[in-house]
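Asker: For the sequence shown, the working numbering gives the first residue as 546, with consecutive numbering after it.
Just so you know, the hints here were simulated from the structure itself, not pulled from any lab data.
So the derived label-pair ranges between C-beta atoms look like this: (1) 605 to 563: 17 to 25 Å; (2) 560 to 613: 17 to 25 Å; (3) 623 to 547: 39 to 47 Å; (4) 589 to 621: 16 to 24 Å; (5) 601 to 549: 28 to 36 Å; (6) 620 to 598: 28 to 36 Å.
All values derive from a computational prediction rather than experimental measurement. Each residue gets a CB set at the ideal place from its N, CA and C atoms; glycine is no exception.
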Amino acid sequence: MLKMLSEQSLLAKLTIETAVELFDLADLHSADKLKAASLKLIDENIRVVMKTKSWDKVAVRVGQELRKIDEQKEESKEKPKKKGGNGKKKLVFKC
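Throw the hints in and build the complete structure from the sequences for me.
Answerer: Structure, rendered in structure tokens:
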């Protein structure tokens, strides 16, 4: 309960300036919602975030997490979907 309330409180304080530090805290304490929100904000504002004071502390880990997210996006685009109900399998690729 306390962890959930703390995570919600920190989510309300999430800004470009605090994103890297909050990502670090979220990663350390397995606060998944805060980690995901921080990464999303960092990803969307990477050029600005890279200029913050806290960037150098966790740049490598943030980069690894962003790479994982990109790989997951690519994998989900490449997975074929089955369609059709006549016994024949049709593969449709999403672009």
